[in-house]
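There are 4 protein chains.
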Amino acid sequence: MLIVMHHSATEEQVRCVAQAVAALGLTAQPIPGGQRIAIGVLGNRGYVDDATIRDLPGVMEIIHVSKPYKLVSRDFHPAPTVVRVGSVNLGDGFPPVVMAGPCSIESQEQILEAARQVKEAGAHILRGGAFKPRTGPHTFQGLGAQGLEFLHVAAREVGLPAVTEVMRIEQLEMACRHVDMLQIGARNMQNFDLLKEIGRLRFPVLLKRGLSATVEEFLSAAEYIVAEGNDQVVLCERGIRTFETATRNTLDLSVIPLVQSLSHLPIIVDPSHATGRRFLVPVMARAALVAGANGLMVEVHPAPEKALCDGAQSLTGEGFCRLMHELRFLQECLAGMASSVAGPSA
Amino acid sequence: MLIVMHHSATEEQVRCVAQAVAALGLTAQPIPGGQRIAIGVLGNRGYVDDATIRDLPGVMEIIHVSKPYKLVSRDFHPAPTVVRVGSVNLGDGFPPVVMAGPCSIESQEQILEAARQVKEAGAHILRGGAFKPRTGPHTFQGLGAQGLEFLHVAAREVGLPAVTEVMRIEQLEMACRHVDMLQIGARNMQNFDLLKEIGRLRFPVLLKRGLSATVEEFLSAAEYIVAEGNDQVVLCERGIRTFETATRNTLDLSVIPLVQSLSHLPIIVDPSHATGRRFLVPVMARAALVAGANGLMVEVHPAPEKALCDGAQSLTGEGFCRLMHELRFLQECLAGMASSVAGPSA
Amino acid sequence: MLIVMHHSATEEQVRCVAQAVAALGLTAQPIPGGQRIAIGVLGNRGYVDDATIRDLPGVMEIIHVSKPYKLVSRDFHPAPTVVRVGSVNLGDGFPPVVMAGPCSIESQEQILEAARQVKEAGAHILRGGAFKPRTGPHTFQGLGAQGLEFLHVAAREVGLPAVTEVMRIEQLEMACRHVDMLQIGARNMQNFDLLKEIGRLRFPVLLKRGLSATVEEFLSAAEYIVAEGNDQVVLCERGIRTFETATRNTLDLSVIPLVQSLSHLPIIVDPSHATGRRFLVPVMARAALVAGANGLMVEVHPAPEKALCDGAQSLTGEGFCRLMHELRFLQECLAGMASSVAGPSA
Amino acid sequence: MLIVMHHSATEEQVRCVAQAVAALGLTAQPIPGGQRIAIGVLGNRGYVDDATIRDLPGVMEIIHVSKPYKLVSRDFHPAPTVVRVGSVNLGDGFPPVVMAGPCSIESQEQILEAARQVKEAGAHILRGGAFKPRTGPHTFQGLGAQGLEFLHVAAREVGLPAVTEVMRIEQLEMACRHVDMLQIGARNMQNFDLLKEIGRLRFPVLLKRGLSATVEEFLSAAEYIVAEGNDQVVLCERGIRTFETATRNTLDLSVIPLVQSLSHLPIIVDPSHATGRRFLVPVMARAALVAGANGLMVEVHPAPEKALCDGAQSLTGEGFCRLMHELRFLQECLAGMASSVAGPSA
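Residue numbers (UniProt numbering), protein chains in the order written: chain A, 1 to 346; chain B, 1 to 346; chain C, 1 to 346; chain D, 1 to 346.
No lab work stands behind these hints, which were simulated from the structure alone. It is possible that some hints are incorrect.
No copy labels: a pair is met if it fits in one copy or bridges any two.
Stated by the list, open to error - Result set (DSSO-like, lysine-lysine): computed pairs, CA atoms no more than 27 Å apart in a straight line: (1) LYS132 to LYS119; (2) LYS132 to LYS67; (3) LYS132 to LYS196.
What you are looking at is a predicted structure, and each value in this text was computed from that prediction instead of being measured.
With the hints as constraints, model all of the structure from the sequences given.
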């Protein structure tokens, strides 16, 4: 921690700050500058609460150097974490993992058909929502427990592991019996009690970035899970909220190499929620792969609109099949590129 | 709902869209314009899911007119809601209600001293946190159940109703036995299961705006509670997340008159979390009052830093006392102003 | 400047960084911590360009302590600046200054009528736009030079100083002959050439905060003007761009006390552009006054819509008159409050 | 334009709104819904100013359907625009164009060496800044006219066209004599006078997206240039300002396919300014290419830090050379992928 004093801070004020630092059991080291004095705080083994110092007279600014996370940081744990979902390995050194399926499970037939389509196209994990967080209470909230059953049956039928979102602690036990990976949605990224309970489970978990979560908060949320003993955490970038409303959210792909430099946890991308518009999904999925994502989560519907009118442009089973073909193509390119240039630049 | 077609949309495409609208049981009314055709959708009694229409050929944009909330809207329910917390009335027609106390309950002595200070200064409700949502897991997480006991004792001792934050469903029953109002924090504003459970309780609830929640989402979250039967909801603006980092959050005071025009629920302001800096709290509290807030939530500590060094500038009991004096002064001015000009402008 | 090294940084890496610091003519002072080493940089007299250090091996983060502004900072120049516009004094120690008038000058009659209305209501400075920045080129762009003439005539007629926006350097000379204060709009806050030229003029200037400008950037823009010799700068908060679209911008009132703590320049508020909705203007104007603003800028139209239909709620001359009455009322309250409590809290 | 009335709007209020619409020379068509009435406005040939309608009694919301741009829209001009810079073609149907060089021109030697490096690596256009927009006035502001000379000599020497940023109208003539393309920086995206003057030049121009510009504002800024007769406009995404501070800006890659669907103008990406961190540049450059960018703008320095210490990770000439190799590799992959799957998905 660095305490920056006002230009006009008095010696007495500096002395008081040093005393306050000492009262926390830490050491204050003054760093005189050309224009002002700063006070380095030494001896802390983590984040320091600055409440007793922040408003002391003469204090201009307090700068924190330690991060609120440690277990998930690559700085302390350089080796990459590989998460195992069913028989699928997700993480550095393994091919990108694609999770696909409908946003909501609507019926046994629907999820079965979706499962067959994504399996045939080459997806590795089946996704489907039984509990749906919706902005307003007057819209479809998911099939609940019955949806979990339908998902379980469909996943077993096609031989894929399954992932589904959980929203409350009471759902955990049932969900664990029906799927192979739990998802924490963006709105629950800082539902700390849910994070802690899942941390005690030692079960693979997909943690989505909150709509307005900084990278530091994102990694700190993962730290909650890992701190309880569960290191099987996959991060998921799904777009952040910005002033731009032309897309549902703003997909922040630079977070992939950034998080990979800061943390040993794998990170995947959900281009469906990020863009909110079907025609943008495949292109952003391809870009995410090239940006180094360890996987993708893509919404695939068995196209109900086909009945209404021909030619609708959507990520149908067929569209997803084409995307998977492209992703495999790109993946081979990237492998070829890496060997041809002896490692990508930077 | 309004469906805007591309400039170059064909008649066949318009026909297909109209068909898709009809398949939803609604009526499509074409509105020919100078440059393009739009299609009005009639007959819906609420928000329409546009999934089957959004990507039809020729569709440029879909504009939703209906809001995802209705029960909390002033449009449908013009009369203001008054929320009763203990013997305190909060809402239009009643004087502003001030909730004050420490962020965290640290001990029986600390909350008792805080309770006496805020009571003496004229606060109406005692606040104190027993369950604390913290960005990282390595910091103080609150005293939990014991904190609730301490709060209960302190509130009874000074004769004030109490409010405390709940973070998970299991805490509701215990919390209801110890306090008079439940608080849902910003991070849980879209914890829809928690909202629903509290909706079933018919217990006063303070709902804080999420860090990046639009007014529409804020009101929709309140709709979740009211839809279950509990209309005793007080909204709370506590700053939103923006690009500006000089203050902890950006306090959005214009949301007060805006929400009051859209909804019949009362709304209060928390200047402490919004600014994150003590010297900004009193001035923003005064501004919030003048902006029409139905109340305030202010953090007051019994000043532990006093022991460390003299003269620290903070919202101590003394500082809060001065603020309450100013707020009463302002309130009288506002009453005088209203009668002198026969209602404030606009 | 503080250079934070990686947990695993080697001694050799620390040595290289120290060398790079020395190459800039500065002194590196290592600050060993419990988990990592940090390097304080001493001897700089202002902002240091970190380009040669940022990417050295072992460097985790660079933290700047010096601000990019100095002349406008209260830290170095504690005495408040008073800006004189015609015979009006604007700044600490003087009553709030209200600038009012139409967004655009449309005709001699219109600006004359507006001038009479705002003068009669008690405004201190007449505003009116001759050069209009518009999002698209197909909308009214202002009357230009003729508008300046109209404004000049109207201001002289009613005996008020005038302020108008300038958008390009060539307009400066003509504008200075017709008005008493130049305005730099939000979109030009970082039009550095315009800032420099105005800095050479020694003419009062109103600098609006950019849509996404941090307080640091806002003050740095003012620094451009003051650095050229012109300290007659008034800052203006006019709302920032956030994710919220229910209001045109988000009015950031906490910036008033914040800027007043950081800078000696006066700061006013424009609630018209900030909210974009007339019914919100008066309430936010009152809140701005209580938040300590040194003045206000309010749009007043001689109400063309009156002809169309009765009862429209807008800031007509009459509405502005009522607002001025309220502002005077509030101002007296604030004076009374200050003397009653011996200075407002904090 | 669609005018949404309050649930409780009276017939008289609807009639008044219809009258106000008629007064604008337009036609009002009521659209009765289940819960409220809406009024479609017909007959406008572009954006309608809603000032006289917005605040009429009973009006709840006004929704604009027409965009403030038309000339740059693909809706009206489906054929892609190809911009010719020297002998380089930039746009759909041509290979991605890479602009590279130093942020600032520091000396004749520096820009010459940079020019040779980027030419040898395969860049198509040389970039270099002579006029530099800097946040504060106390930092290097560029070499100005002399810098233009140096850039001109270097570009001629290596046989590349050159691009440089202009900040004020007076610089245009001189810049046009020295370079082949003008750049408008993010801070000047809404410097409408500069846009108009460049529009009159018929000279290739690179228009960077403003820090907080929506896609609609971005395209409207381009409309200013095209409306004056100059259609040689290349758009450039360079990151937007969000709450996230871990990267300098947030690179919004989804804007590439989005803009390509809305406009016929080419769009390129600047990963250097977007990320602000060298190790992120190559990976985001590769992702941008795959997202469909028509080109890239990359900062390349002849590595002054080499002298200070070995091993610095930066986009040196060598690093850029490797990146160009990768980009060519990827480009061939994309061509192969397109032919293998008969067009990329969506």
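Consistency of the hints with the structure:
Taking the closest pair of Cα atoms, LYS132 and LYS119 come within 27 Å of each other only inside a single copy of the chain (23 Å); across copies the shortest separation is 43 Å, beyond that limit. Within a single copy, LYS132 and LYS67 get their C-alpha atoms only as close as 33 Å, which misses the 27 Å cut-off; across copies the closest is 19 Å, which meets it. Proximity of LYS132 to LYS196 under the C-alpha cut-off of 27 Å is found in both arrangements, the shortest distances being 21 Å within a copy and 13 Å between copies.
In summary, this structure violates none of the numbered hints.
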